[in-house]
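A.B. asks: Sequence lines, in order, name chains A and B.
Following my numbering, the numbering of the first sequence begins with 1 at its first residue and continues without gaps.
Following my numbering, the numbering of the second sequence begins with 1 at its first residue and continues without gaps.
Source of the hints: derived by calculation from the structure; they are not laboratory data.
Treat the hints with caution; some may be incorrect.
[What the hints assert, rightly or not] Derived SDA-like pairs (lysine to any residue); straight-line CA-CA distance at most 25 angstroms:
(1) B/Lys-110 x A/Gly-87
(2) B/Lys-110 x A/Leu-48
(3) B/Lys-110 x B/His-90
(4) A/Lys-110 x B/Ser-95
2 protein chains.
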Amino acid sequence: MTEQELQDSLRARGQRVTPQRILIHRALRELDRHASAEEVLERVTAPLPNASLPTVYATLELFEELGVVHRVPVAGGPTLWDPRTDGHHHLACRSCGRVEDLEGELDTAKLLRAARRRGFRPDSAEVVVGGLCGRCAD
Amino acid sequence: MTEQELQDSLRARGQRVTPQRILIHRALRELDRHASAEEVLERVTAPLPNASLPTVYATLELFEELGVVHRVPVAGGPTLWDPRTDGHHHLACRSCGRVEDLEGELDTAKLLRAARRRGFRPDSAEVVVGGLCGRCAD
DNA sequence: CTTTTTGCAAATGATTTGCATTAAC
DNA sequence: GTTAATGCAAATCATTTGCAAAAAG
């Protein structure tokens, strides 16, 4: 998502366009990996020395509602934020906790049907492949 | 997993069999749903009034290493513990945070291959279907 | 000018650590 | 007897809240 699209998305919901929001979005794009709120703040701190964690948290949550980012809950660590907005899968190292994107098709039709049968209204189906990353598989 | 199997599993790793461990395992089986450490403690407190949270946390982590339980990271809440040891999938309500088991087959061979191509040594592939549960889909 | 957003300080909630005591083996 | 496991109190880590000041529209 471009900066212009973010601004449009914000205005469309009556949300204000602030330097913090622009910079947090830019930080996520530039980090180009799953980052924690702390990591985002660090990156935002260079251009905006007084930026605060509460603002980062509030903004990431807002972005999630706007569909700008995905929240990736992590076992035993801070939740990570993923700037990709398309449905995709994840690799999670159970030793170091690292989470990476994983490309690949998957036929989830059967599972989604099972979910609906349970009264659930599904809107995503993502796989987490667990195991050991190359570095930890020693 | 039966109580006997748990004891064998503990002894096989040189771990001691304690009433706390037996009762925490029993609590998980009897709760028969994804429970938080707090909820496990509550249930253990009846037979063992002095049981403590640190012991519950340490024990659940040990059980995870033994493959006795699964840890389910939850966004915006305490991590939940799942007494099922077979690979299975999850439904996660993005409104109330509830997590339920989901039965169903899935061909993950292609994804696992992609994971290995990335130097990853995968040992599980589980789907999280996100959306709204029946109650929250109003 | 009005209302939202921000930053700061403090609060909360979950989980972990240090350490003396207790219990398994 | 030795060593690991437990319970307690206190610490830590991630995240949220209250509120006055600053900034967006």
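A.B. asks: Each of the hints needs a verdict: does it hold here or not?
C.D. replies: To see whether the hints hold, each was checked on the structure:
Only pairs whose Cα atoms come within 25 angstroms are accepted, and B/Lys-110 paired with A/Gly-87 is accepted, the gap being roughly 17 angstroms. Of the pairs offered as hints, the one joining B/Lys-110 and A/Leu-48 is violated, with about 44 angstroms between alpha carbons and a cut-off of 25 angstroms exceeded. This hinted pair checks out: B/Lys-110 and B/His-90 have alpha carbons roughly 20 angstroms apart, not beyond 25 angstroms. Our distance criterion of 25 angstroms between C-alpha atoms is met by A/Lys-110 and B/Ser-95, whose separation comes to about 23 angstroms.
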